[in-house]
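There are 2 protein chains.
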Amino acid sequence: MRALVVNEFGSPEVLCLRDFPDPTPGEQDLLIEVHASALNPIDFKIRRGALAKNRSFPFVLGFDVSGIVRAVGKEVAGFSPGDAVYASPSLVRNGANAEFVCVDARTAAPKPRSLDHLYAASLPLVTLTAWEAIYDRVDLDGTETVLVQGGGGGVGHVAIQLARLRGCRVLATASRNESMQLCLEMGADVVINYREEDVIHRINQETNGYGCEVVFDCVGGDVFDWSPTCVRANGHMISIAGGGANMSKACNKLFVRNATLHFEMMGVPTMYGVNPEKQGEILRQVAVQVDLGHLRVHVSRVFDLEQLQEAHSLQEQGHVVGKLALRVLN
Amino acid sequence: MRALVVNEFGSPEVLCLRDFPDPTPGEQDLLIEVHASALNPIDFKIRRGALAKNRSFPFVLGFDVSGIVRAVGKEVAGFSPGDAVYASPSLVRNGANAEFVCVDARTAAPKPRSLDHLYAASLPLVTLTAWEAIYDRVDLDGTETVLVQGGGGGVGHVAIQLARLRGCRVLATASRNESMQLCLEMGADVVINYREEDVIHRINQETNGYGCEVVFDCVGGDVFDWSPTCVRANGHMISIAGGGANMSKACNKLFVRNATLHFEMMGVPTMYGVNPEKQGEILRQVAVQVDLGHLRVHVSRVFDLEQLQEAHSLQEQGHVVGKLALRVLN
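Protein sequence lines, in the order shown, are assigned to chains A and B.
According to the working numbering, the first sequence holds residues 1 to 330 in order.
According to the working numbering, the second sequence holds residues 1 to 330 in order.
One should not assume that every hint holds.
You can't tell identical chains apart in this list, so a pair holds if it fits in one copy or across any two.
Capping the alpha-carbon separation at 30 Å, the derived lysine-lysine pairs in DSS-like fashion look like this [as the list claims (entries may be wrong)]: (1) Lys74 to Lys278; (2) Lys45 to Lys249; (3) Lys45 to Lys253; (4) Lys253 to Lys74.
By construction, these hints were calculated from the structure, which means they are not laboratory data.
The following block holds chain A by itself, in its conformation from the complex:
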């Protein structure tokens, strides 16, 4: 099959189109003919050398897929060849930047009927992340104010919608016009331009000085470090991107707020084989909400497989609005 492989860790130039052996499905696997994939920051992080343990060259990135089942392992129940499915392939196996990928069937679901493969492939990783972060970690009852830091990004724009679907008030931060506009379209009640406004001051105003019950940081670094100031006593902070130079101080701010810090890394449960069915169940629920028109994904640009280097460069610059999708089969 054709695959975009990584031959060594490094810049986007290490990505290389070549022939690669077709993957063989294990007993729990679906062999999926990849129609589309999508990009996530984890792609360039692994390309640069993250999660390097037990990985051997060449390998294939791409942790979103939508396509057609072509074969199933003998332990697989509920899927047959010909089914249209979507999933987030395991971070420690070969991904979907190729014509075929193997995915643990328990983590997959029938793709939303209302979407084509490009849009369906843009959902799994970011939606699983936002769902696990917001719905599985916090018991929302709709009375909460949720702050989404980086509301215009892949995870952020889905998180805004999920919080709104639970009835929460949503504040979002963004800076570029297009990102701010997307936050509003996704249902944010307030969008704060973090380049032009003192976010902490504004959050204080918006919450009568109490802070937010939930702060979901999709940006990381410095933003992680000051986010605890926006967390209400007994509140929750969720991080998908880690902290900066002042992480310890940040933690102490959470401590004096009696608060909880959730680290969300959606690839971990499947990596350790912890309850893989859970992600399949979430993607089924996501498909229901998408087909009902309650949830949508914003694709800001589509690349062909041959353009993956360019797509990586763009993702790496940050400030991607919504998702970058990857067309694999025309």
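The hints should help you fit chain B onto chain A, whose structure is shown.
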């Protein structure tokens, strides 16, 4: 009234027995005649200068009380003069190292009938802490392995019992013979002497390499920093004492485990007026469990009010086994 007051921040010598104005109950308050109080690390931390904001000298420490209601504020329901009650007074008001203390009635409960005031006064702060940490933060179903770091301390020995009452397997760390013995008496399945054994190695053995679903760190500092290594993927770590020099690294270990870090500081909800009823409800449940003989508190030493300096010194040295109680009224 007689009170042990703090006249300035500093060593135990700043504690001074003197006459102090009787407190006046607010609308939501109980005025309690203090029969007993107890010590907690927060006493010496405040005496040294913690939580100094809005505090003026002289003030009174003591954040556990058992005694008799002598007056009630006009908004108080459910309590009358003459009731025997126990509670954890607010960290930002005057405490119970005095003949009288005012406590928000919503945070108080009838004292366990089976205990005298000295034992009843040894329960509130540590039991509220352990209960909020273990029961309110984690949804235990009894399949979990819970590691209690510092199982022989005030919070630790209650935490072991609470985890056992939910059916969990409990591993505890301690070092001194008396502490290790107490962990066993409280129901720990395994007690690890952290001075003589490689705890991480032992936890790996005890959990088939998976780590624990819940790690409750009652020690802090270095112990906080290496505790994430004992947390299973998707697991929980709970801290009541903060981290050490490598808190950032510790957080990153939790991140790659998709784990949650709960900071538990039981004084915060009442400090901010967040759901004060909750602590009264917990103390009612605690009294039920105590009177049924399911839960107990270990008092290793009793001091008189006049001996508070000595009690502070002992608490400050660490390694207190169970609780130090304070007799106020004979």
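To see whether the hints hold, each was checked on the structure:
{"no.": "1", "hint": "Lys74 to Lys278", "in the structure": "within (21 Å within a copy, 52 Å between copies)"}
{"no.": "2", "hint": "Lys45 to Lys249", "in the structure": "both (26 Å within a copy, 18 Å between copies)"}
{"no.": "3", "hint": "Lys45 to Lys253", "in the structure": "both (29 Å within a copy, 17 Å between copies)"}
{"no.": "4", "hint": "Lys253 to Lys74", "in the structure": "neither (51 Å within a copy, 36 Å between copies)"}
Consistency with the previously given hints fails for number 4 only.
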